[in-house]
Structure formats: C-alpha cells, structure tokens
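Peer 1: Listed below, chain by chain, are the residues.
2 protein chains.
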Amino acid sequence: MPKVGMKAIRRKQLVQAAIATIHQHGFARATVARIAHTAGVSSGIVHHYFADKDELLFATIWEMLAELRRDTVDRQKHAASPRERINAIIHASFSDKQFDEQVFSAWLALYGNARQSDRLKRLLRLYHRRLHANLMAELVKLMDRERSADLAEGIGAMIDGLWLRYALTGRPDNPAHPRAITRAYFEASAGFAHL
Amino acid sequence: MPKVGMKAIRRKQLVQAAIATIHQHGFARATVARIAHTAGVSSGIVHHYFADKDELLFATIWEMLAELRRDTVDRQKHAASPRERINAIIHASFSDKQFDEQVFSAWLALYGNARQSDRLKRLLRLYHRRLHANLMAELVKLMDRERSADLAEGIGAMIDGLWLRYALTGRPDNPAHPRAITRAYFEASAGFAHL
DNA sequence: AGTTTTTTGTTGGACGGTCATCCAATAAAG
DNA sequence: CTTTATTGGATGACCGTCCAACAAAAAACT
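Those protein sequence lines, which keep their order, are chains E and S.
Quick note: the first sequence, position 100, residue 202 per this note's numbering, numbers continuous.
Quick note: the second sequence, position 157, residue 259 per this note's numbering, numbers continuous.
Hints listed in this document are in silico derivations from the structure and should not be mistaken for laboratory results.
Beta carbons are placed, not taken as given, at the ideal position from N, Cα and C, and that holds for glycine.
Please note that the accuracy of each hint is not assured.
To spell it out: a stretch of chain S is covered by chain E in this simulated footprint if at least three of its residues, at any positions, have a beta carbon under 8 Å from a beta carbon of chain E; those stretches are [stated by the list, open to error]:
#, stretch
1, 126 to 133
2, 220 to 228
3, 252 to 264
4, 284 to 291
As a list, the in silico SDA-like pairs of lysine to any residue whose alpha-carbon atoms are at most 20 Å apart [stated by the list, open to error]:
#, chain 1, residue 1, chain 2, residue 2
5, E, Lys-223, S, Lys-223
6, E, Lys-223, S, Gln-204
7, S, Lys-155, S, Ser-145
8, S, Lys-223, E, Lys-155
9, S, Lys-155, E, Arg-131
10, S, Lys-199, E, Asp-202
11, S, Lys-223, E, Glu-203
12, E, Lys-223, S, Gly-272
13, E, Lys-155, S, His-127
If the Cβ cut is set under 7 Å, some of the chain E residues that face chain S in the computed set are [unchecked claim]:
#, residue
14, Gln-204
15, Ser-207
16, Tyr-213
17, Arg-217
18, Asp-220
19, Ala-251
20, Asp-252
21, Leu-264
22, Leu-270
23, Pro-274
24, Ser-291
Just need the whole structure built from these sequences, with the hints factored in.
Peer 2: Below, the structure written as structure tokens:
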C-alpha cells in the first residue's frame, strides 16, 4: 500500500525492529536483512529510508535516549523540592521502560561500539552531560559547587553501574532496590554536607 | 625459529595482539587476520593455538581479569584494617594498569558482546561475584549483613560506572579522582552505619 | 659425529558462507 | 503520467576456518 508519508512510519517501524533484533540475535547478528524481516518488510527498503546501516543504528540509539529524556522530564513535573527532583531523575533512570530487556541489549551494544563510532560517542557524551547537568542543577542548591560536581559524577556512575549489572543478569527482582541504593548514597552524602 | 614450548609464548602474544587490535580497530573489525598481523605472525597460526576465534577472545578477557585479580591481591597484602582493605580494592580497580586505554576498549567490547556468549557472561558474573565477595568480607565487620550487601552492590556499581565513563572519554586527568569519589561514598555510608 | 626420521612450528592461500549495498522492475497513489 | 513505495535478487567485499606444503629443531639411529 504505497502512500505518501510512509517515511515517518517506516523509520519508527525499523527502529523498533532494530531494537528487537539486537535483543534477540545480538548486535553482531543484527543484520539489515534480519531487521527488515522482523519489521515485516523487504531488505531493500532499509536503504530507502536510511542512508546506510549506521544511520539506522544511530536513529535507534537516538530514540532510546529520547524516551529516557521524555520520562525524566515527565517525572520532574511532579517534583517540588531539589531532593524530590533528584529522586525523580533516579526514578526515571530505573523506570519500567528502562528495565525493558530489549533496551538492555541495545544499550549494551551502544557501549560496546561507541569507541569506534564518533556519532555514537557523541550521543553517549550527550547522555552523560545531560544527566550530570540535571543533577547539578539541584545539587548546587544543597551544597557547594565542588561537592555537587563530585556527587553528580558519583550518582551518574552508580546509575550506569547498577544498570550495567541488570543488563547482564536480567531485571532485578525488586525494581525499587537499585533506586534505594542510589538514593541512600545521595542522602548519606548530602547529609554529611549539611553537618 | 620453531622450538618446543612456543604454545605459551604464542598464546600470550596473540592475547596481547587481540587487546591491541580491539583497541585500534574496534571489536567488530578485530578479525583473526588483523590480530595475527598485529602479532607479527601468519593468520593460520591462530587456529594452531586456539580452537577458534571465540577461544582467543575468551582467553583475552580471562587474562584481563587475572591481571585485575593479581593487582587486587597484591594491594591487599599491605592493608591491615577492614577500611584499608576496602581502600585497597578500590585502588586496584582504578590502578594505572586498569587505566590502560587498550584495556578500556577490550573491556567495553566484553560488555557489548557478553549477552550473546554464555562463556563471556559467565566470566563477567565471576568478576561481579568476586568483587562483591571481596567487599562483603570487610564490610560485615563494620555493619550488619543487609547494609553490607547494599553497600557492596553500590560500590561495585560505582566502580563499573566511573570506569565506563573513562572508557569513553579517556583517562581521567587525575587518577585519584574516581578513587576519591568511591571512597567518599564508602566513608559516608559506613559513617552513617555507626551512628 | 653424522644422518635420517619424527615432531613441532609456520605459512599463505583456498573455500564456503555472510553481509551491506545497489539496482532494475513492479505497483499503487497522486 | 509522474512520483513514491516496495520488492527480491545481483554484486563485490570480507571473514573464519581448513589445509597442503615447507622449515627447523629434536630425537632416534647408524
């Protein structure tokens, strides 16, 4: 059913298929043909909507980051104090959407290939900077700048680190657990800052 | 110069070449031929000392873990108190050897491909368990079991998370910085446990 | 000691398979 | 009738693995 405006539809469709294929077959075996097959279209169509495979993968990671960003912004709305907003950031990082097993695989693939792709590396830096800036904006209200920077780096690292473990061992039994550990770190450090 | 006992020499040589090649060309482009070329030997030799490419990669990761373990054990010797031993673990995780850019690449590749390989997944779990057990052994002397487990998980995650960032952005200007952040987390949490 | 035989190390290319990309052909929509 | 969507296969490149052949050291033998 060839119609105009297929571009947006097909691109989303292929991005979703890419995530699913990376999850099911692994990054190395996520071939153009397999992704197209998962999407239910022919292999040729991929290069009709994406310049090459790299662009499809880039769009895939981009979509995941956008999802995380939407989630974070959304949760920020219902937070009043700096503490609540930091908790909202932590919550978004460990939300159900992020704990989708399919996202695990794609995210890991990103880490595994970021070093070779300038585009992917830039995307990851964007994520890091965004997380750091979001945390800093609230932390500076609670402590001096130097402490804030260290704590923002620590919280960011802990989120990624915990996340990494679940990406390898599967969803945590209790999704609140990683949140609790991260929050405890924040509270303990912020508490000391007050003394 | 064919002599007996080449096996140990060639295997180490190829493992080193594998790390270097993964670093220089990326995991996906670390082909058998390229690794062999880096090692200065012909491509055929690889299958003379390793069953297949997978075994070479497995041996490569194994060697990196062994190096980390040696470093950790070594630093433990000069540590007397639980606190010092925990600091030794943190120190080993952020040692100069670990901050080798080549090791970054290979480690990241491991994460990016662990999901597809049972052998690699087992290796990563071994690393996680070992780190967790090492931390737990000391933490239980300072606080109750439940707090120890959470803190051990948090410290482990923070080490991996900080590490991940440096793997993408390069060596930290000040190698003591990630150690300081991790130690501060430990001190803040252990301090609260005493109150 | 010198010579042959065996073992071990090493090479470079052949083979079969896989993959990204390209393209000619087809078809429906505007 | 032009534009857009889509197909499925052709093409050329690359890669892991295998293998026949060669080389040198070690062992066995005379």
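Peer 1: Now look at each hint and say whether the structure bears it out.
Peer 2: Results for each hint:
1. 126 to 133: holds (count 5)
2. 220 to 228: holds (count 3)
3. 252 to 264: Three-residue rule met by the stretch 252 to 264 of chain S, so holds; n is 10.
4. 284 to 291: Check passed, 5 qualifying residues.
5. E:Lys-223 with S:Lys-223: It is violated: about 24 Å lies between the C-alpha atoms, which goes past 20 Å.
6. E:Lys-223 with S:Gln-204: holds (17 Å)
7. S:Lys-155 with S:Ser-145: With a Cα-Cα distance of about 11 Å, the restraint between Lys-155 (chain S) and Ser-145 (chain S) holds, given a limit of 20 Å.
8. S:Lys-223 with E:Lys-155: With a Cα-Cα distance of about 27 Å, the restraint between Lys-223 (chain S) and Lys-155 (chain E) is violated, given a limit of 20 Å.
9. S:Lys-155 with E:Arg-131: holds (16 Å)
10. S:Lys-199 with E:Asp-202: Violated, because 35 Å separates the two Cα atoms, which is more than 20 Å.
11. S:Lys-223 with E:Glu-203: holds (16 Å)
12. E:Lys-223 with S:Gly-272: holds (12 Å)
13. E:Lys-155 with S:His-127: OK: Lys-155 (chain E) and His-127 (chain S) at ~18 Å, within 20 Å.
14. Gln-204: violated (11 Å)
15. Ser-207: Cβ of Ser-207 (chain E) sits 6 Å from chain S, so the hint holds.
16. Tyr-213: Since the shortest Cβ distance to chain S is 5 Å, the answer is holds.
17. Arg-217: holds (6 Å)
18. Asp-220: The hint is violated - Asp-220 (chain E) has no Cβ within 7 Å of chain S, the shortest such distance being about 12 Å.
19. Ala-251: violated (10 Å)
20. Asp-252: Holds: closest Cβ of chain S sits about 5 Å from Asp-252 (chain E), inside 7 Å.
21. Leu-264: The hint holds - Leu-264 (chain E) has a Cβ within 7 Å of chain S, the shortest such distance being about 4 Å.
22. Leu-270: Constraint on Leu-270 (chain E) satisfied, holds at 6 Å.
23. Pro-274: With Cβ-Cβ at 10 Å, over 7 Å, it is violated.
24. Ser-291: holds (5 Å)
Violated hints for the displayed structure, listed by number in ascending order: 5, 8, 10, 14, 18, 19 and 23.
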